[in-house]
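Residue numbers (the numbering used here), protein chains in the order written: chain B, 1 to 119; chain L, 1 to 106.
Just so you know, these hints were derived from the structure itself, not from any lab.
Any given hint could turn out to be false.
Said to hold, decoys possible - When the alpha-carbon atoms are kept at most 25 Å apart in a straight line, the in silico DSS-like pairs for lysine-lysine are as follows:
(1) K106(L) to K42(B)
(2) K42(L) to K42(B)
(3) K42(L) to K106(L)
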Amino acid sequence: VQLLESGGGLAQPGGSLRLSCAASGFTFSTYAVSWVRQTPGKGLDWVSTISAAGTTTSYADSVKGRFTISRDNSKNTLSLQMNSLRVEDTAVYYCVKDRGPYGGSSDYWGRGTLVTVSS
Amino acid sequence: DTQMTQSPSTLSASVGDRVTITCRASQSISSWLAWYQQKPGKAPKLLIYDASSLQSGVPSRFSGSGSGTEFTLTISSLQPDDFATYYCQQYNSYRTFGQGTKVEIK
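All chains, full assembly: derive it from the sequences and hints.
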């Protein structure tokens, strides 16, 4: 199983970024996938989850209305569109595979991509 | 929202020690709890899911127990590779992580 994130970088407050995750080594369309972030030197925060078929999405209150999760099962890719970015969105963003079709614990994690929001 | 509280925040121990970390949920989460290990600069690694099921490939010195609101992660005999930070996570309602427990060398 491999999960490879891309798209991180520097953005200004109020700006946008789009993260992508390329998945391989498992039947992508069978499992939910999620984004989890970690502020440098601090703990873990769940961001969003999308079900295996892409029909159900959920978001942390801190990103609801600003971030949009999506997946393309034909291309084995997961995306996170981040709009109206805030300084407090600065973190390493991990793409994670969940153990079930609707979520659960996360058995595989990518290496992460750093998002920095600063003026 | 379900809050997760881990204790202690830091734990100093020696190789061979039995180590126990506690995680408390602000409301019942049945057995929908996982434990992860994270080393500096690396992604977290799943150790335990559904409160007491050992993830494939994880050494048997790791074990989990509990249900409802109180859970424990036990390392039966601490090994040099086990010095790391450990997080609990509930997935009963959305997901919430505990604040982490750093296991340090005594």
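Consistency of the hints with the structure:
Taking the CA atoms of K106(L) and K42(B), the gap is about 22 Å. The hint holds against a cut of 25 Å. Our distance criterion of 25 Å between C-alpha atoms is met by K42(L) and K42(B), whose separation comes to about 13 Å. For the proposed pair K42(L) and K106(L), the alpha carbon gap of about 23 Å is at most 25 Å, so the pair holds.
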